[in-house]
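Trainee: One letter stands for each residue in the lines below.
There are 4 protein chains.
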Amino acid sequence: MKIGFLGLGNMGGPMAHNLLKAGHELTVFDLSAAAVANLVEAGASAAPSIAALAGSDVEMIITMLPAAQHVKGVYLGEDGLLAKVAPEVRLIDSSTIDPMSAREVATAAAAKGNRMIDAPVSGGTGGAAAGTLTFMVGGEQADFDAALPVLQAMGKNIVYCGPSGNGQVAKVANNMLLGISMIGAAEAMNLGVSLGMDPKVLAGIINTSSGRCWSTDTYNPYPGVLDNAPASRGYTGGFGTDLMLKDLGLATEAAKQARQPVVLGALAQQLYQTFSGQGNGGLDFSAIIKMYNGAIE
Amino acid sequence: MKIGFLGLGNMGGPMAHNLLKAGHELTVFDLSAAAVANLVEAGASAAPSIAALAGSDVEMIITMLPAAQHVKGVYLGEDGLLAKVAPEVRLIDSSTIDPMSAREVATAAAAKGNRMIDAPVSGGTGGAAAGTLTFMVGGEQADFDAALPVLQAMGKNIVYCGPSGNGQVAKVANNMLLGISMIGAAEAMNLGVSLGMDPKVLAGIINTSSGRCWSTDTYNPYPGVLDNAPASRGYTGGFGTDLMLKDLGLATEAAKQARQPVVLGALAQQLYQTFSGQGNGGLDFSAIIKMYNGAIE
Amino acid sequence: MKIGFLGLGNMGGPMAHNLLKAGHELTVFDLSAAAVANLVEAGASAAPSIAALAGSDVEMIITMLPAAQHVKGVYLGEDGLLAKVAPEVRLIDSSTIDPMSAREVATAAAAKGNRMIDAPVSGGTGGAAAGTLTFMVGGEQADFDAALPVLQAMGKNIVYCGPSGNGQVAKVANNMLLGISMIGAAEAMNLGVSLGMDPKVLAGIINTSSGRCWSTDTYNPYPGVLDNAPASRGYTGGFGTDLMLKDLGLATEAAKQARQPVVLGALAQQLYQTFSGQGNGGLDFSAIIKMYNGAIE
Amino acid sequence: MKIGFLGLGNMGGPMAHNLLKAGHELTVFDLSAAAVANLVEAGASAAPSIAALAGSDVEMIITMLPAAQHVKGVYLGEDGLLAKVAPEVRLIDSSTIDPMSAREVATAAAAKGNRMIDAPVSGGTGGAAAGTLTFMVGGEQADFDAALPVLQAMGKNIVYCGPSGNGQVAKVANNMLLGISMIGAAEAMNLGVSLGMDPKVLAGIINTSSGRCWSTDTYNPYPGVLDNAPASRGYTGGFGTDLMLKDLGLATEAAKQARQPVVLGALAQQLYQTFSGQGNGGLDFSAIIKMYNGAIE
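Chains as they are written, first to last, in my numbering: chain A, 1 to 297; chain B, 298 to 594; chain C, 595 to 891; chain D, 892 to 1188.
Fair warning: there could be bad hints in the mix.
Cut-off 30 Å, straight-line C-alpha distance, at most; resulting in silico cross-link-like pairs (DSBU-like, lysine-lysine) [claimed, not checked]: (1) A:Lys84 with C:Lys666; (2) A:Lys72 with C:Lys706; (3) D:Lys1137 with C:Lys794; (4) A:Lys21 with A:Lys84; (5) D:Lys975 with D:Lys963; (6) B:Lys369 with D:Lys1003; (7) C:Lys840 with D:Lys1091; (8) B:Lys587 with A:Lys246; (9) C:Lys840 with A:Lys72; (10) D:Lys1091 with C:Lys750; (11) A:Lys246 with A:Lys156; (12) B:Lys543 with B:Lys453; (13) D:Lys893 with D:Lys912; (14) A:Lys290 with A:Lys246; (15) B:Lys543 with B:Lys369; (16) C:Lys840 with C:Lys884; (17) D:Lys963 with B:Lys381; (18) A:Lys72 with C:Lys666; (19) C:Lys666 with C:Lys840; (20) C:Lys678 with A:Lys72; (21) C:Lys884 with B:Lys543.
Hints listed in this document are in silico derivations from the structure and should not be mistaken for laboratory results.
Source: prediction; values computed, not measured.
With these hints in hand, go ahead and build the complete structure from the sequences.
Mentor: Structure, rendered in structure tokens:
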């Protein structure tokens, strides 16, 4: 398929590479010349501008951008995608943004006659490189079906979440719960160990009991409990504290707009913000356990 | 085995019955004559006082009491167990109390020459009746081994947690995380649904993602997601809000004594307290989701 | 002075009336014909559009709008104020919005050659009617000086807060602290009374001690402590819960952008959101004490 | 008057000295020989034991002890005060403990025929030395009247709070609000300054607005705002973080027993605990602002 790809950063770059590998024909755009050159070397064509990419003969355009303001700029701007793209081109935004903005852009696309889905991902840069991302997709079922073969070239778990914006809703709800659970796991592990328990024994009990969660059985924040968790390699790699902070910001913003309370979600955001402000924004988010006990390495 | 059993309430009563069923010889005591009569009818002998039970020819005494003050009273009182019991009698306290109190009583027992373990349970009254409780055991490994056959008559998952008090530590740490996760699950489910997602679809996505936890995949607080969860039967049965409140009180108290923060744990306690104060203490603890959306039945 | 006034709602309406009373010549605009008619009857001229008001011969334009999106629309829109206004016209925005948006608009005004200050108010609709508002002003000192006589026709406490946006900063910081203090006061009063103290005695002690704050000595949330506080008239009148919620939303948003934690501020926002979601958004914000004790009327 | 004084620590020592200065005849007891010697040198007599002090010919006994367990031990122990003291001796406990414990001891005293009041203080070691403490007194009005001249030798603000235990209630409620307000003040000051405001200007605005509180106008946590606040001398002196932590522990414990939520109170406790755990327990409690911005000295 002829596909346009816009946004070749840490996530978008490897995703575009996987599309090439799967045999798709790619036209790409990014503000970074180096990022573009990297894809061109792998076989992609470069578009000189967003408008040029929009005006080319692609059948589908995928965007992967940092935040809602960039998505709105790229799609809704005067020389943006919607101003230039033909109505039969399918649009996929894989950026993680708030559901309301996603719906606003999708509504504008529909008004121009374009089919659009939101398809944020989880799985990090590792998943992007390996082609094992999870895609959470919002939009019409038929548009999900049409996009499925393309998304499968970049991920292995492609989930339909319902109408437009619901991909973002699913991601924001899941990640808010993740951010809360991780702090809960950190508090429970640290409390138990400070009261005399061996961390592996404690994790073993929790993992077969009602406190069990992904943050204890797959990504335990206590060093040494799981060999392959960031906690066992100095909290490097993994999912950065500042990325979790961004997602919690989206969750609390969405909650504010929906006039729903998210008490623990908001508190979790503040704790990660405190931890980030102490210079730890680049560490894996499970490092939040260090706020509880400075002695944990 | 000749066993003394002290405390025949909602939990202790069925536990004692299971010991009788397993063929043990039981001497029992409780302040409630009805509770005692019920066990006597099933084949137990009644002791007229704590001191009498302590002075009888039992080989092991099990206690199941509401709170630390009762445990201290029963074990350390002037006519209490330790004052009267022979040194070869093994002691098991299955009450849920704070780890410090558990260790204080165990130390006093050791000074008298008695082997003692703490063995709090999870699984509720249903598990007590069915003999499927989980026991979390603190004490010496040899004493755990000696108690194992007796505990297996009352439960199916008997876990050794390390030195004295660690059974309580494990329970308190697990249940604090549970209390946090449940509110996190309630917030995430309510946020997602208020933003337009179907609750079953959302739960399905979370349960295969990083937000996965027992509170979403086994005990989801949103009505209709899981047929057999309390949420699908009006939040009746299950684990009462006031019981969760008691456990969170133990967790924050233990944290205070250990001088460790439990930020989300303390906030969770306050939210359940607020919910209980609004007249909901008897509902299953997953009903906390109603604080987030009055429209949830 | 010839003044343009844009936004004649619950606050803007009475403010405009006070300008007329002080002898200023007023040209007004609002989407509500009734609001415009009301001012015209009192002696103002009506402008048919924002552009027309901007193009008239006023020396100063004051805006009083609900939220940042309206302020941006009115100032930065294609037919907005900045597109049409002469460079010598002074601009005053009295809306309460986030500091970043205020600075963005002021920067755009400066680029057009217009002097602009942000001047949000406190004092509510009562203060607006009585002309006793507090104005918190951000911008250049000279522009503050030039606006002072006009602001004094609408308020009695006009405070210079420093460079552009600082009026909003001062308001947001003060009101966040107010929102926190009020919940703190509610908790302390409710705790003390539930433990057996007379509410007036308790308030008297706090008000001469280190817990003293405006929320205890001027606006006590406990019914009957202060005769003229909303608590003593069923929490009617005063400063609505949903208005406090809006200000806390601005505070946490500003904090997010500044990457600073506001832990209690964010929690306060969530508690007011919970209270509002239970149907209490129209009550004075001190009614939050009812979340702590349903028995408080 | 002939007075017995028990507990000659950082607070009790200087209080006892002030009683001597006022001309009272003192018999003292403390576990520290040095503390006793210090008072003897100043003219007091030393009692060899609690029982001896209780059995001497004093008309009144004042106790100043670290925590409830010590108060219970001293009053209720086998050789404690109540076992040995004559019924006409008046008892005053100035320790800061939870209200329930205070009432338990007062009830035991009443059963022995002794008049007892609880009279915790605020004002710190500086106030103890200067004789300017505030006493919050619970008990019968007549007993308050009888104690007043003695208390006035040690303090200048002696407040009657109602029935037994209410002195403790007043203190706990006030200090919980103080602990909350201080964090609120820290967040508001730090937010405002990070957004570009001068700290003195911001404090000035808050102090004439609805955010005003003792923590902003008398004890501002931002360095340089108030010359004589601990913030302006590196957070030395003042009221230590660990002392605030103790009082918040009493407040949340009292709330738990009363089954009342104190959401911000509990969160404040956790934040001070986190701050203390990072090695700052000895700093004045206003240093909590450093958790918000490491750049604040």
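Trainee: Looking at the structure, which of the earlier hints fail to hold?
Mentor: none
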